[in-house]
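A.B. asks: Grab the two chains, each in its own frame, and use the hints to assemble them into the complex.
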Amino acid sequence: MSKKMKNNTPKKKKRSTLARWFRQTVLRKHDIDYDNPEVIETPLKIVAQNFFAKKTAVFGVVVFLLILLVVLIGPYFFKLNLGEHEQTLIHVPPSNNMMKIPKEMHGRISDIAPGTTFGIGVDVDGKVYSWGHTRVTERIDLKDIPDEVQEADLKMIAAGMDHAVALDTNGKLMVWGNTRRSQARFTPDMEKAQKSGKNWNIVQLEAGMQVSAALDEGGYLYLWGNRSNFDLGIKREYQGNIAKIAFMANEYISLLKDGNVAYTGIKGKGSPFSKIPDELLQGKTVDIAATDRTCAGLTEDGKVYFWGRLEKGENEMPEIDSKIVKIEGGRFHYSALLENGNVVSWGNNDYNQAKAPAQVTTGGNVKELYVGNFQNYAILENGEHVTWGLSGFPLGTDNFGRDMLVRIINGGRVTMLVGAIAVVIATIIGVILGGLAGYFGGTVDIVIMRISEVVGGLPFIPFAMILSAVIGSRLDPTQRMYLIMIVLGILSWVGTCRLVRAQFFAQREMEYVTAAKAMGIREGAIIFRHILPNVFSLLLVSMTLDFATSMLTESTLSYLGFGIPLPTPTWGNLLTGANNSIIIQQYWWRWVFPAVIFGMCTICINLIGDGLRDAMDPKSTER
Amino acid sequence: MSLLEVRDLNTFFRTKHGIVKAVNGVSYTVEAGKTLGIVGESGSGKTVSAMSILQLLDTNGFIESGSIKFDGRELTTLTRREMYEIRGNDISVIFQEPMTSLNPVFTVERQVSEPFMVHQGLSKREAALRVLDMLRDVRIPNPEVVTKQYPHQLSGGMRQRVMIAMALACRPRILIADEPSTALDVTIQAQILKLMNDLQEEKGTSIMFITHDLGVVCQMADDVAVMYCGQVVEMAPARTIFGKPQFSHPYTEGLLFSIPRLDTPSDVRLEAIPGAVPHPLKLPDGCKFAPRCKYATERCKVEEPELVEVQPGQGVRCFYPDLKERRKDG
Chain A
307 MSKKMKNNTP
317 KKKKRSTLAR
327 WFRQTVLRKH
337 DIDYDNPEVI
347 ETPLKIVAQN
357 FFAKKTAVFG
367 VVVFLLILLV
377 VLIGPYFFKL
387 NLGEHEQTLI
397 HVPPSNNMMK
407 IPKEMHGRIS
417 DIAPGTTFGI
427 GVDVDGKVYS
437 WGHTRVTERI
447 DLKDIPDEVQ
457 EADLKMIAAG
467 MDHAVALDTN
477 GKLMVWGNTR
487 RSQARFTPDM
497 EKAQKSGKNW
507 NIVQLEAGMQ
517 VSAALDEGGY
527 LYLWGNRSNF
537 DLGIKREYQG
547 NIAKIAFMAN
557 EYISLLKDGN
567 VAYTGIKGKG
577 SPFSKIPDEL
587 LQGKTVDIAA
597 TDRTCAGLTE
607 DGKVYFWGRL
617 EKGENEMPEI
627 DSKIVKIEGG
637 RFHYSALLEN
647 GNVVSWGNND
657 YNQAKAPAQV
667 TTGGNVKELY
677 VGNFQNYAIL
687 ENGEHVTWGL
697 SGFPLGTDNF
707 GRDMLVRIIN
717 GGRVTMLVGA
727 IAVVIATIIG
737 VILGGLAGYF
747 GGTVDIVIMR
757 ISEVVGGLPF
767 IPFAMILSAV
777 IGSRLDPTQR
787 MYLIMIVLGI
797 LSWVGTCRLV
807 RAQFFAQREM
817 EYVTAAKAMG
827 IREGAIIFRH
837 ILPNVFSLLL
847 VSMTLDFATS
857 MLTESTLSYL
867 GFGIPLPTPT
877 WGNLLTGANN
887 SIIIQQYWWR
897 WVFPAVIFGM
907 CTICINLIGD
917 GLRDAMDPKS
927 TER
Chain B
-3 MSLLEVRDLN
7 TFFRTKHGIV
17 KAVNGVSYTV
27 EAGKTLGIVG
37 ESGSGKTVSA
47 MSILQLLDTN
57 GFIESGSIKF
67 DGRELTTLTR
77 REMYEIRGND
87 ISVIFQEPMT
97 SLNPVFTVER
107 QVSEPFMVHQ
117 GLSKREAALR
127 VLDMLRDVRI
137 PNPEVVTKQY
147 PHQLSGGMRQ
157 RVMIAMALAC
167 RPRILIADEP
177 STALDVTIQA
187 QILKLMNDLQ
197 EEKGTSIMFI
207 THDLGVVCQM
217 ADDVAVMYCG
227 QVVEMAPART
237 IFGKPQFSHP
247 YTEGLLFSIP
257 RLDTPSDVRL
267 EAIPGAVPHP
277 LKLPDGCKFA
287 PRCKYATERC
297 KVEEPELVEV
307 QPGQGVRCFY
317 PDLKERRKDG
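Sequence lines, in order, name chains A and B.
Going left to right, the first sequence walks through residues 307 to 929 as my numbering numbers them.
Going left to right, the second sequence walks through residues -3 to 326 as my numbering numbers them.
Wrong hints could be hidden among the right ones.
[Stated by the list, open to error] Mimicking SDA-like on lysine to any residue, the simulated pairs with C-alpha atoms at most 25 Å apart in a straight line are:
#: 1; chain 1: A; residue 1: K629; chain 2: A; residue 2: V692
#: 2; chain 1: B; residue 1: K144; chain 2: A; residue 2: D923
#: 3; chain 1: A; residue 1: K673; chain 2: A; residue 2: G608
#: 4; chain 1: A; residue 1: K351; chain 2: B; residue 2: E105
#: 5; chain 1: B; residue 1: K240; chain 2: B; residue 2: G309
#: 6; chain 1: B; residue 1: K144; chain 2: A; residue 2: V353
#: 7; chain 1: B; residue 1: K120; chain 2: A; residue 2: E829
#: 8; chain 1: B; residue 1: K144; chain 2: A; residue 2: R835
#: 9; chain 1: B; residue 1: K120; chain 2: A; residue 2: G608
#: 10; chain 1: B; residue 1: K144; chain 2: B; residue 2: T103
#: 11; chain 1: A; residue 1: K351; chain 2: B; residue 2: M154
#: 12; chain 1: A; residue 1: K351; chain 2: B; residue 2: Y146
The set of hints was computed from the structure by calculation and includes no laboratory data.
Bound-form chain B, shown alone (with noise of 0.2 Å):
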């Protein structure tokens, strides 16, 4: 059985102009150990999705249906104080931008020491060793100093690094990355990236990946799913999808020829997927991503295709899946 199960998951947002389906039928799994990693533009769903989990959403937000199962349990259907447990002791969340997620009054200290006198219950000095533990599993460098820091006087990756000891203080078992390494320069990045994957290694957390960056991706996830307006479009082990597949979604083919390769020849130019992400409110009738394909036929206007389990391991949202016969007709 996997570890965390979404399962046809529905959260819309009320604006005044209407209801906002940010994620529309999004399912996936995290296998224990493993991680997912979730590829999307801005706005696709990726951290709605992630957020919906948690039932971390905005006050108009709302889990319209669908199940979330977690080792088991439903988790939507949990009250707020049985959801408090979950949060930071189960599944713990990285944010985005390590400048503006620390508390910028609170030390290092306090902050790290927070989650363990919350869901453990130690005092604050026993609470302040583990902090110093903390600190050196992710490889902070002198802990005793920058334990008595406060956030602006450390860098952006040490930040991380705090924010990363905080996340993963009661040893939850997934961890949630919200675009973890976006807001870093490259090589404090490479630096993280190396340290999330050898704290997974040491402790066997799950972990999502939430991110843009197909490299990244590349690197840490195990299985990908690729996300388009509010929806899943395609589901598969990471080797398939970099590797030479058969089977593929045009999103997912779009994205690829985007980002530069190294054996790609240096006078071809790098194709852009042409057009924009669709208004929410105004979501295409058929298939969302219609209007910007290339091999979109008038079927793929009028019908909405379902994600197909295309061979074991694969799902892809297409009525053309096959990416040598699309080619050919195309």
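With the rest of the complex left out, here is chain A (with noise of 0.2 Å):
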């Protein structure tokens, strides 16, 4: 064996044992293996290597990495809108369901109506469904759609804020969902056309902010509900004359039979939306769309003109290659069905609703469109359905309609950043003060603590919040964050500030600073370069937990209501909300999602700390 061995190996290694002997006994020269000097451990890589043998500390750093990751990434792809504010959207749940058509109605589709969260859908059997965040009050829930809906003989159905209405090929109007806001109350000429089927022809269903609107064939307009902020009423010399009509947030317009489009409402010309473009009032408009804000006409010609407050991109209408054959509003964009069955969609894209996909933009075999607020809805001709825009928030939303995924993700980097930044100026602070009194010591020494003691004795909540109060005032947002990162640096140096100290007066004893000093160096030197290092492995372990409890810290601040200010999110003031039991037991999204993430994030910091602590003093696990 011993012979293949050493056929096996390269010459060029070893020498034969014989020719090794010869220079060991008769050269006197040893064989020093310069190619593999012994392998050299820096303090830092065994640190290193008892940390990673820790599994919490391990499990500690991933999740805090990930956290980090998320935070300063996320907001270049979340990103952050101060002003937003979604009337229609507050407290919506955690979901991903509004635009998800239940199983028994694909293919099947006979009617959809798309509301603000939700939808609601009728099977060619007549059957009618829901989806979609329905619940509008721990009573009201769209989901449950009454009997007599689910058995009458469905003409129409149509969707709004909070109620839904549907009507039966006998003329017979319902109304479910949310019914204290008048949304039920018929008007009397309403009733009488009912009772007497007398110009109660209906062709056109509407609903909208908790209003409704009816048209009769022969043009005569029927409008209910909530007249509180609608300009509900109609002119009486436009009724028996309307050909159709669109909900605005809080007006509506018309269509008249002539071909011309005219501003209905009782507010008349005081109303932005009653200056129509001129084209069209030449008698040639054939269909109206409204969003929020704007109306859109389109004429004979395939010409779309809008009007209105076009704030949100909606009349960036794209270039189209077809005639429209149908124009439907959302909140804040259109949709359009094209002659070659194309959709096109424009307008605000928040919520990904004015980005039809390529599937219904090219597919050329769209058969009817239907537009909700954020959502629409494509029939294709084969009986499927394709789908685009808001579809639910992972985290639901908060009292403004905002997102709480983007205001974690953005809250976390504010309040990681004040954090960051606290630590680093109060370490910076305690290590000179520190440094200072535990080198040199006597009347130093003296002077620096009872600075500390003074700073320490301070009540740090009670003072924060008066001076951040007294000076915060006087400043914008930006310039507070920065205040409250100083405010926490000066008062939270103390602890730093004795820990140096007590390590200085151990090291400055140790016989390497004597030796130092002996090689001339100078004291500043000594102090920040000679004794600072021997010290740091204790500060690193201390900056770490401080950077959870300055976090923990501004949280508590800004809860209060005195630290960053809204709408400017941190995951302290994300949970300001939940002060109150209706928040914490209906609406739990609201402070779940933020307390759980900050939770595990001052976890990880603390147990990266502990796991820091132990593996530079193995000692402190021999308990």
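C.D. replies: Here is the structure:
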């Protein structure tokens, strides 16, 4: 065996035993393996090895890095819009089903009424389904479709913000959902018409923000619902002359039978929507549609004209190569069905509602198009359906209809930034003062420690509250963020200072300090270049733990309303609303998610800190 | 003129219980290229007198009076800034504990290059090259590897070599070696001492060798100062002390009796000096050694002897310096 091994070993690496003996005994030379000097183990490497041997520490690092990554990179993908306020999306629970048409309806869709966050659909058998966020209040849920609706032979359905309307073939109107705001209180002339059947051949049924409309074939318009915000009237001269209507947020416009567009509400000229483009007053208008704040009119020659408050790109219609058959408005966008069976969407794209998939923009087989506030449903010729737009919020929305996910990600960045900078400030002050006190001792020490006791004795939260109230009122939100960082830093250096001082007391008696002095090295250099590296390991641990504390303190202040003001999100002020039982019970997603991620983050930081401490001082685990 | 001349140095420490006179009127000289051995028990003021030279006393210590002349320059009146230039450059120190006198978080390269960068203003890279030369000078095998290592990876002897390399980096005129071999085992001790002797020959550095080991002094020193209770009790060439002296201080005599010699018959017990060093705050009047001295007379207990030159080159602080006479009387 030895023979074989010898043959296999490369000659370069090993000399024969004889030659080695000769060199060692006669020439007195020893083989020193210069190629493989002793593996150099730096203290850092040893600490790292110890650290990564600990499972909890590794877990902490991994989770923390994940959170950090999300928080650092996330804001570039989940852009924060500080002015965001979407009334129709308030307190939407975590969901992903706003466009999820039930399986039973697949391929058998006969009609869809898209609401704000939900949809109502009828299949070919006349069965009614609902999907999405249908809950209006604790008691009222649009999912509870009344039996009379389910049994009736439906002709039309419509869905608004919190109610739905259905009309059966006998001309019977049924309303369900929220009816507290007169959504089901029909006007006297409606009831008369319903009873007599005169002027009650309904061709269009619309539902909006707590209001509904029914249009008779003969041009009679019936409006009912919550009048407080809505221009829910019709000028007498237009009655009997209306061909189609479209709801904006608080008003409506009408297409008249003569091919003109008119603002038929009571406000008349007082409404901004009454300034209708001249092209639509030539008697050649064929269709109208409206978003929240804009209107669109389609003329015979296929041109579309917009008016109203065009702030969200509602008029940025792309070039189209076909004639528009039907135009529908969402809350901030339009979608149109073309003659060639394609669909185009434009306008505001916050929820991808104006980004129709290629299947419907080029497929050429769309049969029908339904547009809700932020949702689009296209029914293809083969009965299948394609949807685009808002399907839900993975972490729900808050009391202003803002996406919690976006706010948590952006809030994390603010919280971590504030925590990190506060720790850096506190550490710099603590190290300088602690180092001076510990190295020089005596009077310097006494003076510095008395100062630190005064600062440490300040009641932190009240002091920070007073400071931020007195100075903060004059600052803008960004400056206020810096103020919080500085306040936190200035008030929290005491612990670091004491730690550094105690360490310096021990270190300055070490002989290497005397040796450094004897080498002619100046005191400043000894303190910060010779002693500080020896203290750094402990400092790192304390910095890590302080980071978690600073984040918590910032959150406490923000929660109390003295930290970073809304609407800038932080993990602390995301929890601000969670101080009453309604939010805690009903809108659990508003506090559970921020609390969970924040808790995870601080726990992980503490795990890292503990792991570091154990790694640097193996004795601490031997209890 | 001597390279270093210490005259009537008094270094005191303020403590809660009073002023401790750690060094009390000490005088000695270090000649260029020679070695002065300072011998004495713990607490006899050896180290304090040496540290007084560099003004590296603890914050409660101060030089009460006396003069320290280095190359004709008075050191006691120098400013802080001027002292930085002396330390490590003209006079440097090797400490007793090689384990703790190197900074544990610095590599050897970083430690040894520090004096080059501080005193000679070399860049990091230039200093690193000089470090390798220095490590070779102190006979460190494989300096390329050692230079990247940390103190905890080195043995005691290697650390002391690094320490010596650091101390000799700027070619100081005087090297103060404060018990450099005490913490080492005997074989390494011999190597280090030989190294110091060799380096002294090569570079002509003067050495102030502080130790309590008479054997080491005998091997290293040209002149010897024996210290007791903050005073020099005997000052003589090493040859005189370790030969067959005519004059000697009883303390030196006691020290020499208390170490084994090759020519001591095996049945003779070593003689210990009775008693203990007096408390620094309750020093006796008269001769400080009187309470432990077997030759002490009434005069010794009342009157303090001066350091008297009994023969050229030898000074003894005793009323009865002649060895034969006092033995006869005792």
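A.B. asks: Looking back at the numbered hints, which does the structure fail to meet, lowest number first?
C.D. replies: Failing hint: just 9.
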